[in-house]
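K.L.:
What follows is the residue order along each chain.
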Amino acid sequence: MVKMRIKVVVTAAVLLGAIGYLAVAGMKTGWVYYMDVAKFVDNGQFYAQRVRLHGTVAKDGFTSSAATMTAHFSLTAKDKSLPVVYRGPIPDLFEAGKDVVVEGKMDNGEFRADVLMTKCASKYEAKKAEHKS
Amino acid sequence: MTVMIGEFSLAMAMLAAAGALLAALASIRLEMPAALKVARWMIGALAGLMLLASGALLTALLQGDFSISYVTEYTEKALPVGYKIAAFWAGQEGSLLLWSLMIAVMSALHVFNRRDQQGTEGATVVAVLAVVCGFFAALMLFAANPFALAEHVLADGQGLNPLLQDPAMIAHPPLLFLGYAGYTIPFAMMVGALVSGRKDNNWVAETRRWSVVSWLFLSIGILLGAQWAYLELGWGGYWGWDPVENASLLPWLTGTALVHSIMVQQQRGMLKLWNALLFSITFILCLFGTYLTRSGIIQSVHGFAPSMIATFFLVLILATTVFSLMLILVRRHQLQSEHQLESLVGREGMFLATNVLLTGIMVVVLIGTIFPVISNALSGQEVTVGASFYNKVIAPFGLLLAAMMAMGPALVMGTDAARKLVRAMIVPVIFGLLTAVAIYLTGIKNGWALLCAAITGTLIVSYLINLVKQVALRIQAGENPLAAFVHLLDGNHRRYGGQTIHIGMMMMIVGITGSGLFVEKQDLSIKEGQSAQIAGYDVKYEKLIERRGPNYKAVQATIVVTDPKGGVQTLYPETQFFDKTTQPHSQIALESNARRDLYINLSAWEANGAVVAMQVIINPLVSWIWVGGIVLSVGGLISLLPRLLPLPASEQVEPTVPKPQPAKSKKRGTAVA
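Residue numbers (the numbering used here), protein chains in the order written: chain S, 13 to 145; chain E, 568 to 1240.
Keep in mind the hints are simulated off the structure, nothing from the lab.
It is possible that some hints are incorrect.
Only pairs whose alpha carbons sit at most 30 Å apart, straight line, appear in this in silico DSSO-like list of lysine-lysine [as the list claims (entries may be wrong)]:
#  : chain 1 : residue 1 : chain 2 : residue 2
1  : E       : 1147      : E       : 1012
2  : E       : 987       : E       : 1012
3  : S       : 40        : E       : 1094
4  : S       : 19        : E       : 766
5  : S       : 117       : E       : 1088
6  : E       : 1120      : S       : 71
7  : S       : 40        : E       : 1012
8  : S       : 110       : E       : 1147
9  : E       : 1132      : E       : 1012
10 : S       : 110       : E       : 1120
11 : S       : 19        : E       : 987
12 : S       : 71        : E       : 1147
13 : E       : 1088      : S       : 110
14 : S       : 51        : S       : 90
15 : E       : 766       : S       : 15
16 : S       : 15        : E       : 987
17 : S       : 110       : E       : 644
18 : E       : 1094      : E       : 1107
Take a look, some chain S residues computed to stay more than 10 Å from chain E by CB distance [claimed, not checked]:
#  : residue
19 : 23
20 : 54
21 : 59
22 : 72
23 : 73
24 : 74
25 : 75
26 : 88
27 : 92
28 : 93
29 : 95
30 : 104
31 : 122
This one's a predicted model, so the numbers in the text were calculated from it and none came from an experiment.
The beta carbon of each residue, even a glycine, is placed where N, CA and C say it ideally should be.
The task is simple: from the sequences and hints, build the whole structure.
P.N.:
Right, dumping it as structure tokens:
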């Protein structure tokens, strides 16, 4: 019966090994650095690769055209900013002043994003502020 | 008044929990059965108090008592009644109350149902449940009070988030919490059995009902969440591998492993240590999800405000982990296996492999979810992993698990299980291959799709052959075909319920494979009266109108879609502007059939509707996921039902033994041979 135990251990190891192998392989393709805009702008080492950035959409220079599904805006964090061009469907909650997450790559001094996510808070923080004022 | 009742009930509930705990411990120490009786009544009182608190919150929501902050934040006067009720679980405080209520009611149900259970085991179960209930009551009193008063009393509330105003959202959170809450009971039963030093395996059989019920609630809850995301978030997907979604998937994966492995312990006295670990892990993962989403350690699109309750949860998680590990370590002699595994491809072997796979997948999802934290700790740089990471692991192993499901009925015990399995699977596999060929001939050449088709064909034929053989045996024994069929199913609820669940799962896998591989998305910008093409579909924009809903106004587009076969559908995607919020909300238009979903999300319009921009998605086989979910639920219900009809005459050979349960495995062996 020791033989059976070895068989079980080997089978389990093979299954888990396969899962682990695929996880590592998936990690390589799905791997994206995530940081705020300030850190991204401060050191240029991430300019050559695809990254995910978070920051606030600046009010100045914000344009968003639904017909062409393009948005131009500056993403800011800690007094640093970065020009962003986003192409794709514009999320409902997207507007100047929002905290957003974008994913994409630098190209000609602009950040070209193809993923744009707005942080949808489960509460109306903005609305609350309005009532208090 | 409602505030007073609510807060008073919560405070009393905490006291009742403390009282139940003390009484239960006293009954062990002083060997006083009367104290245990008191402890049980305390749990009952606790459930009553939680009901009272919930009733108070519900009354406040329905009456629109805007002196309560929670009511102001999540409702408004014009909100339809259904959503006023749903606002109960729209926010953190209400969700916690709902969760607490469910744990308390389930605890009370369990302790009164098992009031025969005396001595250390019964008292330990009560004590564990009292600790968990007490934790939740304290949590609400000190960190997340649903009855907190508003700073300024407003004339009207701020309304419910438009995203949450969806029928799926009414049912999704309660079902998820029923699942989370349910896993508390088997955990407590496991602790009770280990602490009392119980050696037999009957307690495992007793946990089955709770494990299956919780699993079922969790499954339906997750599915409704996926459906909500699909209908409301407007990006055309039902699963985004967001931390919040992953958090609910983690206990589901171990819970799925659990419903299989407890059968092995029940029937063969094996996998005891493993099961004890799984009971603990599943319970801990139910708590972990809340910690993850409320602690702010993970950036999620859902972006919940970080909150004090995270600390509470972290303490409970760590305490439960340490306690479970210590308990299992101390009682390891009690957890020794009674049998050796006879064959790797026999029933136990395959169940063990299922467990290894599901747990492995759980670990991968867990690592992916907390990877930003891990990478930050290791390298000081946050790294997120995207959907491709998860898909790479889940797709092949999901299909492997499906292939194992297909072998289900052909699995037997004993040393020659491998030979029997091969013999039983020849015909189903041939049919599976034929299915793949048929699909290939329709022009689908993707390897994953063909593999999925082959497994589906194999599974269906494998289950059918088994069913026909069993019915035939009964007909040979002299029953008429209908009676044979009915008695067979009625006599094996667990087995055929399980198979129905597997068929539902397979349908979902087909839906996920189809929509994952062949989805067509296009962003279209169309002038009024003109049309555009996507994947053979003609999409024509006719007009744009304004309309008024109960608490919003909407801009609605009329889109006429002609499918490749010439069928015409009119869809009305719209953007809604709710009175109580500045954010517009897209309400997608959906036309669904068995082959594909037609999904249109109106993104914008210009110049009074001269041009509209929209995203059009042709998503194949999505409805299979939802129908699969219904099949799965039906299967779950079947497996939980007791025998409905009186035993047929042919089976009443030994009236002294009413329930020949352990003999089932033997039957299974002969059936396949």
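K.L.:
Taking each numbered hint in turn, which are not upheld by the structure, reported in ascending numerical order?
P.N.:
1, 2, 3, 19 and 30
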